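Q: Chain by chain, the residues:
Number of protein chains: 2
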Amino acid sequence: MDRITPRTLSGFMELLPEDQIRFDRMVELIRESFSVYGFTPLDTPVIEAAEVLLAKGGGETEKQIYRLTKGDSDLALRFDLTVPLAKYVSIHYGQLAFPFRRFQIGKVYRGERAQRGRFREFYQADIDVIGDGALAVINEAEMPSVIYHTFQALGLKDFVIRVNNRKVLNGLFAAMNLEDKAGAIMQTVDKLEKIGLTQTTAILVDELGVPKDSADRLLELLTSSQRGQSPVGILASYMGKNDLLDAGIEELLTVARYMEAFGVPDTHFTVDLTIARGLDYYTGTVYETIIPAHPEIGSICSGGRYDNLAEYYTDKKLPGVGISIGLTRLFYVLEEQKYLNPGFLTAPADALILPMTEDWAPAIAFATALRSMGLRTQIYGEEKKFKNKMGYADKLGIPYVVFLGEDEIAANKVTVKDMHTGEQETLPARAAAERIAAGVKPGRTAKPIGV
Amino acid sequence: MDRITPRTLSGFMELLPEDQIRFDRMVELIRESFSVYGFTPLDTPVIEAAEVLLAKGGGETEKQIYRLTKGDSDLALRFDLTVPLAKYVSIHYGQLAFPFRRFQIGKVYRGERAQRGRFREFYQADIDVIGDGALAVINEAEMPSVIYHTFQALGLKDFVIRVNNRKVLNGLFAAMNLEDKAGAIMQTVDKLEKIGLTQTTAILVDELGVPKDSADRLLELLTSSQRGQSPVGILASYMGKNDLLDAGIEELLTVARYMEAFGVPDTHFTVDLTIARGLDYYTGTVYETIIPAHPEIGSICSGGRYDNLAEYYTDKKLPGVGISIGLTRLFYVLEEQKYLNPGFLTAPADALILPMTEDWAPAIAFATALRSMGLRTQIYGEEKKFKNKMGYADKLGIPYVVFLGEDEIAANKVTVKDMHTGEQETLPARAAAERIAAGVKPGRTAKPIGV
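Protein chains in written order, with this note's numbering: chain A, 27 to 477; chain B, 27 to 477.
Chain A with its partners taken away, still in its complex shape (with noise of 0.2 Å):
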């Protein structure tokens, strides 16, 4: 037979199973922390009419689309989950209950040229808070808490979530008569940590033509929370000044205001207002989530709130605010950085069971009986050496091995070994699975991530 070389794309992640029950298990504890804040799931198709999916247009998008035919359909893969949120809205909108609230964890594909920790095909991980003509600044100030909540749930320590308002840097430029460079000041700014103050600087008065003091008041003022001076109490004094930057102010205070009550402690919330987010779509609060031992992996979890959702659809106005985690480059990097928990328990099962009887009834009696108390259990029935049926529960990392004998068999018990101890005993049948239930406990309700 002619055989074909199996391979797997380049850009698209494929694990090993101890990794996928680590980034399932993240994926779980992503859902329940989202569905906790009262968000609905949403599964929107993969593949969408080409003309939906690029209405807004646009270079970068298009360049990347993966893009098909079908029949006479001009198709396309989406490259994210905003996009079939817009078309889902709007195609629903007399259905759905407003603010609609929902959450999306889905693959998404862009053709993006191939290198290291970059994919082609990944999860992102959404909420969105969608508003009808209108919609409250509470949504904005839930989000980092929403933020904190599920990292977390997934265990991971080392975190801040960063807060600015696109209205306070609009309203600052405006008071300073900046307003024609602000678009080009923010994309400087946002570069800030990058590039270093001085050359922000330079590019800010020798390339854009900000008069130098108007340049050093701002940089003060932005970098505030660099030096360790709290950026809202500064800001307070440029109350007054104009309606947008009082309207942001405002709305940044409120937030910060009400972290306390939605349960986020200072350590992992800092209003920071060289935050940006490069794109133009937002309009008032943005979110960024860094890990300080690693700036160089960016943020892990961003967003922010925009006016208008669905104009290539609708004319109904449909503010939002909403943040997106990337998971296939998180994990990528959490594995990089040895972040994950290696205290987690990622073998497909908590118990082999060994038949060591002609009649196998007792045996497959016993896994019935563990696998209804909800313990992850595997009969290995295959004709081996036992030295080769042990090596299978060593290789999986199976942290139970069950023999059913005739002695055992006669006598009602079971023997169990704990293979990390190599301790074997023989117990009746009922307290040899509870035996195995508290010994899995541990690993199995161990968080994925462990720094």
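These are computed hints drawn from the structure, not numbers from a lab.
Errors might be hidden in some of the hints.
[To be verified] Okay, derived cross-link-like pairs now, DSS-like style, lysine-lysine, Cα gap no bigger than 30 Å in a straight line:
| no. | chain 1 | residue 1 | chain 2 | residue 2 |
| --- | --- | --- | --- | --- |
| 1 | A | K96 | B | K89 |
| 2 | A | K411 | B | K343 |
| 3 | A | K89 | B | K343 |
| 4 | B | K343 | A | K467 |
| 5 | A | K467 | B | K467 |
| 6 | B | K410 | A | K343 |
| 7 | B | K342 | A | K413 |
| 8 | B | K415 | A | K342 |
[Unchecked claim] If you anchor each label on the Cβ, the simulated ranges turn out as follows:
| no. | chain 1 | residue 1 | chain 2 | residue 2 | range |
| --- | --- | --- | --- | --- | --- |
| 9 | A | A262 | B | A387 | 18 to 28 Å |
| 10 | B | D341 | A | E460 | 24 to 34 Å |
| 11 | B | N414 | A | D333 | 50 to 60 Å |
| 12 | A | E322 | B | D333 | 49 to 59 Å |
Just so it is clear, the structure is predicted and the values come from calculations on it, not from any experiment.
Virtual Cβ for every residue (Gly too), placed ideally from N, Cα, C.
Since the structure of chain A is already known, use the hints to place chain B on it.
A: Leaving out everything else, chain B in the frame of chain A:
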């Protein structure tokens, strides 16, 4: 602005929130059930190299495939989860322990003609056990147990798992000197339920040239279970006629013998010699699962034993046994037949908090407390009339609304309204939280299927 009319492609399921919550709960329960049997989760790319995905070739499949090019790459979307499994096992052979037990729940793509209840993008939920060179029959005996416990967990009551063995069928044909007609006879027998005994006999005799008495004997045996007789007893009398038949009877008896130990009651399991499962692919035990009240639905979970998973990729012999649930179609049918459980809570939240004061901190803090107990909680902060706020809870079916006014906050209490009974009570925060937790438990733990 030029607007595009948003639409979802036909043949692509897109659910409203309450149905999505039902669907997701089904997926969650299926995952749990597969995990308890010691299957490990896999997730493979939706896109593969066309050359790899279509290695087997074959007319119907290739016509239905979604194919695309990106740069120089000839790509295709997976049309099942078996080919990706074959690829995965071939690539990662050295890193896996055998028997390799995996489950995968994911979307697959087939460009079938669009019609009611047919989907072009649909979920499959598959489990397979892959042996390295050999695979013990206990793995075949275990499959009905996985099927039984999975549908049991979903809440489906009215279903029967039918089991047969291809060696029994092939052996019978050999014993009757009908070997050369085996394929055609089995295809005809597969239609027996649809076309009836008379027409089946006619096709066998007139079209396939089977002697009348052989056709009668064959069909009498095959239809024994329809007439309420166990074919197992009758089969014993066929022992010794040929080796293949003997091996098949042996396997079938083994599978049937262990059903009790595996926890599968007689009411939900039957040996049925008419089950052939169209495909020539299967070589041992085969499975079908039907809903007796709705035979027109066909099988909701099928599969069987095969000899060689990955012959197109590797010279390693990899026998396996697997089953598959077509989840998207199953959900569609269950909904259409009104099998979904109205007692299952489909609201996105257990409680809706209405802050009634200027300072939202107490309301937010109560929401944080509910969330820390795992209660799904929304805060409604929009400026709307009271009637509209209640209407929001009503439309979503949120079971409890919580008010925090000045009086409540002063007394360190909250007012809870049970939206089902209309009763309203002012309670200390902790008591209110416990009231809500107890009230939502039946709806949240209810099974998604109810018949």
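Q: For each hint, tell me whether it holds in the structure or not.
A: Right, here's what the structure says about each hint:
1. A C-alpha spacing of about 10 Å is found between K96 (chain A) and K89 (chain B), which places the hinted pair at or below 30 Å, so the restraint holds.
2. A distance of roughly 20 Å separates the Cα atoms of K411 (chain A) and K343 (chain B); the hinted pair therefore holds under the 30 Å criterion.
3. The straight-line distance between the Cα atoms of K89 (chain A) and K343 (chain B) is roughly 43 Å, outside the 30 Å bound, and the hint therefore fails.
4. Restraint check: the Cα-Cα separation between K343 (chain B) and K467 (chain A) comes to about 37 Å, which exceeds 30 Å; the hinted pair is violated.
5. For the hint linking K467 (chain A) to K467 (chain B), the alpha-carbon distance of about 24 Å falls within 30 Å, and the restraint holds.
6. The suggested pairing of K410 (chain B) with K343 (chain A) holds, with an alpha-carbon distance near 17 Å, which does not exceed 30 Å.
7. Between K342 (chain B) and K413 (chain A) the alpha-carbon distance is near 23 Å, which keeps this suggested pair within the 30 Å criterion.
8. Annotation: proposed proximity of K415 (chain B) to K342 (chain A) holds, straight-line Cα distance about 21 Å (limit 30 Å).
9. In this structure the hint that A262 (chain A) and A387 (chain B) lie 18 to 28 Å apart at CB holds, the actual value being about 20 Å.
10. For the hinted restraint 24 to 34 Å between D341 (chain B) and E460 (chain A), the CB-CB distance of approximately 47 Å leaves it violated.
11. At roughly 22 Å, the beta-carbon separation of N414 (chain B) and D333 (chain A) lies outside the given 50 to 60 Å, and the hint is violated.
12. In this structure the hint that E322 (chain A) and D333 (chain B) lie 49 to 59 Å apart at CB holds, the actual value being about 51 Å.
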